[in-house]
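*Asks:* Chains as they are written, first to last, in full-length UniProt numbering: chain A, 1 to 623; chain B, 1 to 623; chain C, 1 to 623.
Source of the hints: derived by calculation from the structure; they are not laboratory data.
Some hints could be false.
Which copy is meant is left open, so a pair is good if it fits within one copy or across any two.
Pairs of lysine-lysine residues, derived as DSSO-like cross-links and limited to a Cα-Cα distance of at most 30 Å, are as follows [stated by the list, open to error]: (1) Lys167 x Lys510; (2) Lys167 x Lys232; (3) Lys487 x Lys362; (4) Lys487 x Lys45; (5) Lys84 x Lys167; (6) Lys166 x Lys362; (7) Lys542 x Lys233; (8) Lys369 x Lys542; (9) Lys362 x Lys616; (10) Lys362 x Lys542; (11) Lys253 x Lys123; (12) Lys253 x Lys462.
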Amino acid sequence: MNWFGAAYYPEHWPRERWKEDARMMAYLGINVVRIGEFSWSVVEKSPGDIDFSLLDEAIEVIYSEGIRVIMGTPTCTPPPWLVKRYPEILQVDRDGLTINAGSRRHYCFNSQVYREETIRIVKAYVEHYGRDPRVIAWQADNEYGCHNSTVCYCENCAIAFREWLKKRYGTLDRLNQRWGTVFWSQVYRDWDEIDPPRRSLSSPNPSLMLDYRRFSSDSVLEYHILQRDIIKKGSRAPLTHNFMVNFTEIDYKKMAEKVDFVSWDNYVMTDYDPDLQALNHDLMRSLKKSSFLVMEQQPGRVNWRVVNEAYPPEQMAFWIKQSMAHGAFGSLVFRFRQLPFGAEQFHSGLLNYDGSTTERAKAFAETVKELRNWKIDRLKKEAAIYIDYENFWIGETDNLNGNFNLLQDGILPLYKTIRSFGYNVDFLFPGDSPSGYSFVCIPSAFKLDPEFLEALQEFEGKIFITAMTSQKDENNNVRLQDNDSFKRLTGIRIIDAAGIKNPVRISFGKDEYIGGFVIEALELTDGCEEMAVYLEGPFKGKPAIVKKGRCYYLSTVGDIELFKELFELAGIKRMANGSARVLRTESNMVLLNPFPYNIRILIDGVVHNLREYEVKVVLPQRI
Amino acid sequence: MNWFGAAYYPEHWPRERWKEDARMMAYLGINVVRIGEFSWSVVEKSPGDIDFSLLDEAIEVIYSEGIRVIMGTPTCTPPPWLVKRYPEILQVDRDGLTINAGSRRHYCFNSQVYREETIRIVKAYVEHYGRDPRVIAWQADNEYGCHNSTVCYCENCAIAFREWLKKRYGTLDRLNQRWGTVFWSQVYRDWDEIDPPRRSLSSPNPSLMLDYRRFSSDSVLEYHILQRDIIKKGSRAPLTHNFMVNFTEIDYKKMAEKVDFVSWDNYVMTDYDPDLQALNHDLMRSLKKSSFLVMEQQPGRVNWRVVNEAYPPEQMAFWIKQSMAHGAFGSLVFRFRQLPFGAEQFHSGLLNYDGSTTERAKAFAETVKELRNWKIDRLKKEAAIYIDYENFWIGETDNLNGNFNLLQDGILPLYKTIRSFGYNVDFLFPGDSPSGYSFVCIPSAFKLDPEFLEALQEFEGKIFITAMTSQKDENNNVRLQDNDSFKRLTGIRIIDAAGIKNPVRISFGKDEYIGGFVIEALELTDGCEEMAVYLEGPFKGKPAIVKKGRCYYLSTVGDIELFKELFELAGIKRMANGSARVLRTESNMVLLNPFPYNIRILIDGVVHNLREYEVKVVLPQRI
Amino acid sequence: MNWFGAAYYPEHWPRERWKEDARMMAYLGINVVRIGEFSWSVVEKSPGDIDFSLLDEAIEVIYSEGIRVIMGTPTCTPPPWLVKRYPEILQVDRDGLTINAGSRRHYCFNSQVYREETIRIVKAYVEHYGRDPRVIAWQADNEYGCHNSTVCYCENCAIAFREWLKKRYGTLDRLNQRWGTVFWSQVYRDWDEIDPPRRSLSSPNPSLMLDYRRFSSDSVLEYHILQRDIIKKGSRAPLTHNFMVNFTEIDYKKMAEKVDFVSWDNYVMTDYDPDLQALNHDLMRSLKKSSFLVMEQQPGRVNWRVVNEAYPPEQMAFWIKQSMAHGAFGSLVFRFRQLPFGAEQFHSGLLNYDGSTTERAKAFAETVKELRNWKIDRLKKEAAIYIDYENFWIGETDNLNGNFNLLQDGILPLYKTIRSFGYNVDFLFPGDSPSGYSFVCIPSAFKLDPEFLEALQEFEGKIFITAMTSQKDENNNVRLQDNDSFKRLTGIRIIDAAGIKNPVRISFGKDEYIGGFVIEALELTDGCEEMAVYLEGPFKGKPAIVKKGRCYYLSTVGDIELFKELFELAGIKRMANGSARVLRTESNMVLLNPFPYNIRILIDGVVHNLREYEVKVVLPQRI
């Protein structure tokens, strides 16, 4: 049975209301609620004075309606007394300014004091609820890294960073050599001379910058493992953490290894793009190659944008169905009831401020009824996109074009193109194998995993690679002679490269297309043939797209139009035609209409019509 | 006799020049000058070494021409020696950075040391000039809050804030409950845990934010009262303080209670809008429901904008006449003479840098001659707009649309519409009564005073209310069940609301109009009827304007076109037609042309022609 | 023989490679390389442990190919151990935040500790290389002021500033009087009360601001002289420092006096404008009225812009030729070889990352061959533009239009106009004489040197002056009665002035033109005649251009179209027609085509055709 529910905060409402809330939950089809993740000051009112009676009572009421709970550890919000007692837990920014309490996430992951406080409070939660059968899962902390809290520059971090570097490099000589500190006279003679990349007049060393991002991500991971170890020791319930949309500051691939299942919070960050939400679903599924949970589903209006727009209940229903179609085993709406006080007072919920039901609640109940026992087979392996979280960090250091955003400009256009051709998309990470996919795309992977590169040499499907791929080594330095394997695969050597302010025209097939952000001047080796040339710009007349065997290389950043033509010419068969989205499993297909109007889609000669926001499962005609 | 004059700084000019200046003042028609408000380092060259001889002599010279003075206390500019001795008086910003001396207003209102220094120096001024008949008024300090100096985050403020909170809430339990600190685990167990809303990762508690703004405004008030008490004890001359244009950081309604008359500084802040200046005049008059003074009248170019534009002398003449028409009993130009040194060296004055007269001086003299004995009756009560200063602060915390500015987007369009219909405007505040007005407008009053709301139930005129009104309670929380009185008045219940990025079309009357910023989904109760509906957007088809009895509710933010149509359909009679402005008293009318070209206006069937910048008093034909 | 070369960093590459590098240098025609300027941590690995063996060996290898070196002192990049030992050397910004090490230039010019360290390390370099004949020149430090490092606000600077002020003013009374500290009660009674213009609520005193900029520039100069004295004492090789493009934070005129020859770094900062590069060349030549060196020539793509664009090798070749035509005696490309690590890893070089040659290297070799013995006579004195570095600083304090940039908006349009008429341009500075030039332009010289003004009275050529000239005195105060000399020259008195947001139309000659940024209202004295009037704006109908004898005054900021018409009407003869650039010496002319297409130019009735990027020396037909 799939999980449907909401975030519920019994501490926000009078005890007398709980029974009514639980009854409404049951009525709406809820079978699980998340509780507890901001409850520290409720459970431990004064230092050491731990009392779970409020949560106990609430869980009892909730469970009386057959609803189980996901228990959150409350470490995201250390209470005021804790911060006043230990102000050293606060983060410090790049400028050297302390970031104060007052909202949430106000702690440094490398604070030894905070780690001890974390152990103490998490142990208390696990001792109390570790064996409670009503607790069906644990969520450690809440949205690690939210509000740009991943990277801290405090002295605790400086000390921890040096230890991290010692482990990574062993000797200073090795570090100096790998980082190229001889440039600008930055050679270290003592580990204590190494500082975080705090504010300086010009660019810090790019190797240090990448390592600091790795260290920061690893610090979150290390902090998480503290909690994981306590929870796993004291409870048999599975452990998760709620990941975030479009979030690239933490290496989620590594983090996913430290949870039993991935969950994530499905919010629309800017202008709504259904494919961007779908991309995030596919990414989350790919992290553990497994089914996942939507821990927080946006119900409608949020409170944290400049303009907090409305979304109709039907769209929320679509979002829930879309999650399931992409591999979720459940969805919890954030939040059960709108809260009139606190910093999220304009965030919508299933219930109104006054506790009355809303159109959203009705739409939720209908959706749950429909999906309760929805079982969709595992999605077929079709197309794959390569992602390495470290490349997001490399992309934020020195580069050819500071306006290029790897996720938005590099990955999303390729994802959209593949989906428009009717293919499922999996994401592959360093260490993964491309085998079994029809084709693999590698969008601007500045650094390319050597093992993955080797696997590509043997891969039998088509390969599409875009500019800047394999440009950097492990230390964020430009690759030199050791790039032969990449040259063997692609047939190219890059002799020059540059950022471009405006797109350049490319002659390709029967038409003209454009490339953007960067361009490269290629030298082709034997067996590599030119498919398209630049019609303007500094590399006018030079190849824009080349092909060696099954491997296609684009020496610029493409848009959807260009990729469509490239796929066509490369013989990628269109599996669907139309504006609906399609996902395929071994036994059937799911068709999705993310739009508020009727659309159609042509698959294998059959036309399927979809009403606004409709999601339907069909048996394919011919596969 | 009305007051006409200028700001004069004898300390800036050689003693030998004073006589000449005084003669020119008299020649121009000046009967009062403001002096002294930046004179601390002149009067007290070294700590304790107080010497008024320069001011004494200057006043003697000025008075020899029959001119009196408004004496400013010099606390706006503590001298260098004071700051070096007591650096703890400096403000600290949200990031924790000290704001240094070097310009002006460099002190924290809650600094105990600075309060003592203030008492010392103000006492000295009052002891010296308290009984001087040549001093006809006092100005305490200068432009409280200017340069964003109202809100400080230093430790002095933290301590004072906690005391303020203790007085307001009595117990921490009460505060925790009112603020909803249970959200995000912010429950306080000790008053000392409460800090100013210093920089944090995400939004602080909105109740704390509102209270910090109240506390900051109250701190200014408390500081002002220190000075007031000394001045009132030592002098019979009336006390004022110069308020600022478009300024909403201090609760001027409360501040007005602590001065004998309101004065304000009439500057054009951005692109010139004559109605915006008029709005400020009406607001200043409404604060004490009494005549006011323009303490600083911009003469032409200022020095503090990015592009410091010129304005012709005729426009300055208009500004002075406009002030008087709106209820001023005088106007002082800032400044008498352009100063070649110091931070305002590009600010224009009546005299040129070299002491010669200017076209501005001539225009001033002519205007003064015309207005010297101008007595305009009290303006008639016609239309009113509700303002609560706290709503400006609420509007800057969490909200549906962060681009909405209450003054500019909420109040100004309504004001302009009313004025274009030919009505006088008064502003009403919490505690005021609407009685006696033809109609009352309540533009987006997030929080609505319960007493005022009750008074509206009995009010016999028409009422126009726009979106978001009465949405919040006293603690900046979203209102729940206790909003029945508002529901009774308007006939509506708000079931959903959202920000909108782009305006939405509304079908209203025979035409289409637009609403902006936010929209609300209304549920209508008995007796409430729909007047207009949304043609697009998330609440398409739902009511945009409704009417219950004499009360009209607009569930979005309107523009002038929409309000004009609403007034027409509501039967608000046009009292004037044309682009001139009109103000009515019991006995006559003032017609104003704020433009550099001739215009006309039709009133009661009579056409009045006005030359460029003309202001004239006429007897109405039929009233 | 001219100098051609590159920046070379032997410490970046394996010793085994040096021989090959030197051979390639020789092959490309290089006869000089700059080394050492970032070598501190290579030479002094630990405090006191000084070892020049790496540089010795590298110089030996380089010199074996007949190549000499320019030795840079390494003070631009204090090594990590030094910063950790003496953190007090770091700069502090206006907000009070420390600017950390991590990139370069991380030291305060007024740090006594750093000055001592500087003396120590520079002495070591000079003792070692002072008599080495292979060292043909010294470069002190590297790009003083780069990355906005000229102005620091630390306590060291505060103390040094007070000493600087004591020397300048002698007594506090004098300082108080000159600065006009009586404004806003800023009168100082003790030198220690004077602080740098750190962050305050509003504008600091403009006299203090100008003096702080002077002091900051002087501090750099004082620091430089420390190094100069050591180098000149220990070596007979000439000393230089590499100046920067468009850089106005340091008074380069004063700095030029402290070097034996000027060198500068020729980079394209924003969108390429060949005239802006030419202006910089002419400025550098004018500083010492002497030939100069391009110490760093951009080879193609740089790494420090948001979008790092490509430039073709032919354009680099043009840049080198353009330098020589404007008076350079050599050009060193930055850098010899692209570096795969460190903060400039995307900066291009003559060699590729892997040490292979590039098209840039080929173009360089061809250019060097062509120019090796190119001797162009001294450029003829034709037209001159007045510059005072202090005016750039005045332009950044209080002003009429904060959008006006003196270099870009005031000087460049005049420069471009003069060049389009076919004239050479020299820059003149305070103390220089206009004599010998056909005409002199004075674009918005807020402060005008009294001696230069006197010389202009006698000058026989034409004079073109634009708005705001002579508006300010030595203390950045608005000038009063003492401006008679300027009035005598121009025939005007400025009675009002203002910034303008949008350009205003001017009736001039047979057509309409526009003026921008500011306008002035002029009063004309005898002998001054009106040439053009404003068609709109606050001073409509008033004179826009006036003429007294040979002196033309424009009361606004002109663009190229306006200046062309003004020159025509003033009888400035066109010496060339067409889009090529021309430079004249006593014996010949250099024609330059900065464009990637063929152009032509008509000179003295003869048409000259130039291929893309061509630079050629021709004998003039008739002169």
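*Asks:* Any hints this thing doesn't respect? Which numbers, in order?
*Replies:* Hint check: 1, 4, 6, 7 fail, others pass.
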